[in-house]
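Trainee: Start from chain A and add chain B according to the hints.
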Amino acid sequence: MADYFVLRDGERGHSHLPSTGEFAEYVAGHPDGWIERKSSFNFREYQSGRSGFGKIRVFGDEVFSGNGAGYNMHPHHNFIIMAFVLRGVLTHINTIGKTDMLKPDDYYIFSAGSGGKHSELNIEPGEMNAIYIWALPGRLLAPPSYRRGNFDRERRANTIAELIGDAPGALPIDQNLKVSRLFSNALAGYEYKPADRARGVYFFVLEGGARFTQAELRRRDSLGVWNTSTIELETTSERSDLLIVETAL
Amino acid sequence: MWRTQAPGAANAAHTGLARKIHSLPHPAPLDLAVNGIGAEGDVRLKAILFLIIYRRIGMAKFAACTRIAMIAQERDTNAGTGSSCRFRRFMCLGCGFLYDEERGWPEEGIAPGTRWEDIPAGWRCPDCGTAKAQFEMVEIPYYQAA
Numbered sequence: 429m430a431d432y433f434v435l436r437d438g439e440r441g442h443s444h445l446p447s448t449g450e451f452a453e454y455v456a457g458h459p460d461g462w463i464e465r466k467s468s469f470n471f472r473e474y475q476s477g478r479s480g481f482g483k484i485r486v487f488g489d490e491v492f493s494g495n496g497a498g499y500n501m502h503p504h505h506n507f508i509i510m511a512f513v514l515r516g517v518l519t520h521i522n523t524i525g526k527t528d529m530l531k532p533d534d535y536y537i538f539s540a541g542s543g544g545k546h547s548e549l550n551i552e553p554g555e556m557n558a559i560y561i562w563a564l565p566g567r568l569l570a571p572p573s574y575r576r577g578n579f580d581r582e583r584r585a586n587t588i589a590e591l592i593g594d595a596p597g598a599l600p601i602d603q604n605l606k607v608s609r610l611f612s613n614a615l616a617g618y619e620y621k622p623a624d625r626a627r628g629v630y631f632f633v634l635e636g637g638a639r640f641t642q643a644e645l646r647r648r649d650s651l652g653v654w655n656t657s658t659i660e661l662e663t664t665s666e667r668s669d670l671l672i673v674e675t676a677l
Numbered sequence: 019m020w021r022t023q024a025p026g027a028a029n030a031a032h033t034g035l036a037r038k039i040h041s042l043p044h045p046a047p048l049d050l051a052v053n054g055i056g057a058e059g060d061v062r063l064k065a066i067l068f069l070i071i072y073r074r075i076g077m078a079k080f081a082a083c084t085r086i087a088m089i090a091q092e093r094d095t096n097a098g099t100g101s102s103c104r105f106r107r108f109m110c111l112g113c114g115f116l117y118d119e120e121r122g123w124p125e126e127g128i129a130p131g132t133r134w135e136d137i138p139a140g141w142r143c144p145d146c147g148t149a150k151a152q153f154e155m156v157e158i159p160y161y162q163a164a
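Just so you know, the sequences run in chain order A and B. The end of the first sequence is residue 677 by this note's numbering, with every number in the run present. The end of the second sequence is residue 164 by this note's numbering, with every number in the run present.
Bound conformation, chain A alone (with noise of 0.2 Å):
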């Protein structure tokens, strides 16, 4: 029997930063910027939920202001972290020589390693919402590095797509650890086979809703599922999509 959790929208963490009082100088963006973040486990100023799932250590839900709003040059270390954008344009300005421009679709991953620094921003009018993992490294102050890829919902529709990962096409990374996105455009089942029992399935409903033996995910609902060698879904909106985050426990 499989473990598992469920997590709802409304019950993820939530906070407010607008640029301006003590989040002026970690928040860009005019005075009336801000940053709207909801978060899967405990982060910074939100320490009452999950510490986190396997090697993931944070699944954000963010939404930018426009104009400029983002977050200030800052910097890291170790973590992987990876952003996957939905909507909007994000500018991501990083020390390891890259300014790139992530439009629906595009994603991240870029590893600190030994120490980096980035900057991520919205420069355009409208809103800006991406997700936003860090998976702890396989090794320590790696090299750092950044790779970008972009998901082809019209290609790579209808089935489980790795974007990152050891598959063919998807973007590698040093950890026990994987993300697919599942774009489904008509109600269909599908089945996720973990690589072994021992290894961890997050699933993050991006739109639609997907129906599981554990529960019924609406749109931003989540779910973890653990010791089970082969997850069912339905899903249950005509058009669906899927964030699958696969872990080493």
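Derived by calculation from the structure, the hints in this document are not laboratory data. One should not assume that every hint holds.
[What the hints assert, rightly or not] Each computed DSSO-like pair below joins lysine-lysine, with the alpha-carbon atoms no more than 27 Å apart:
(1) A:Lys466 to A:Lys531
(2) A:Lys545 to A:Lys526
(3) B:Lys150 to A:Lys466
(4) A:Lys545 to A:Lys466
(5) A:Lys531 to A:Lys545
(6) B:Lys150 to A:Lys545
In this text, all values refer to a predicted model and were calculated from it rather than measured experimentally.
Mentor: Okay, now just chain B, sitting in the frame of chain A:
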């Protein structure tokens, strides 16, 4: 480095070897061994031989003890938890900054070898200001260039 002395738990694994060392003959009975040479009562020769043998055994005992400590320390460094000897690593959950007890953080006067529990509770991440309580102990190896 301080607190590198193998504690009881680590020594326990080597009690067999430790017993062997303790069972080495005490220098005193060696006095009998030189009785033949010193039949004429050459006290000086007897004393010199006694010292040589005493020192040899002393050196052997010292070397064996050092080896035990080294084995214990190696084991503690390489293996799992349970020993206060092993240096631990802590990662800031706000940014990924690493505190390694073995390296300390000399930039803020925290000497190499300083245990996590000996850093004040009010200490914050030098890079991002995250509280000490929001660091996590990690058992992750360092990257090594191929």
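Trainee: Each of the hints needs a verdict: does it hold here or not?
Mentor: So, going through the hints one by one against the coordinates:
1. For the hint linking Lys466 of chain A to Lys531 of chain A, the alpha-carbon distance of about 21 Å falls within 27 Å, and the restraint holds.
2. Straight-line distance between C-alpha atoms of Lys545 of chain A and Lys526 of chain A comes to about 11 Å, which keeps the hinted pair within the 27 Å bound.
3. Taking the CA atoms of Lys150 of chain B and Lys466 of chain A, the gap is near 23 Å; set against the 27 Å cutoff, the hint holds.
4. This hinted pair checks out: Lys545 of chain A and Lys466 of chain A have alpha carbons roughly 23 Å apart, not beyond 27 Å.
5. Between Lys531 of chain A and Lys545 of chain A, the direct Cα distance comes to roughly 21 Å. Compliance with the 27 Å bound is thereby established for this hinted pair.
6. Taken as a hint, the Lys150 of chain B and Lys545 of chain A pair is honoured in the structure, with Cα atoms around 21 Å apart against an allowance of 27 Å.
Hint compliance for this structure: no hint is broken.
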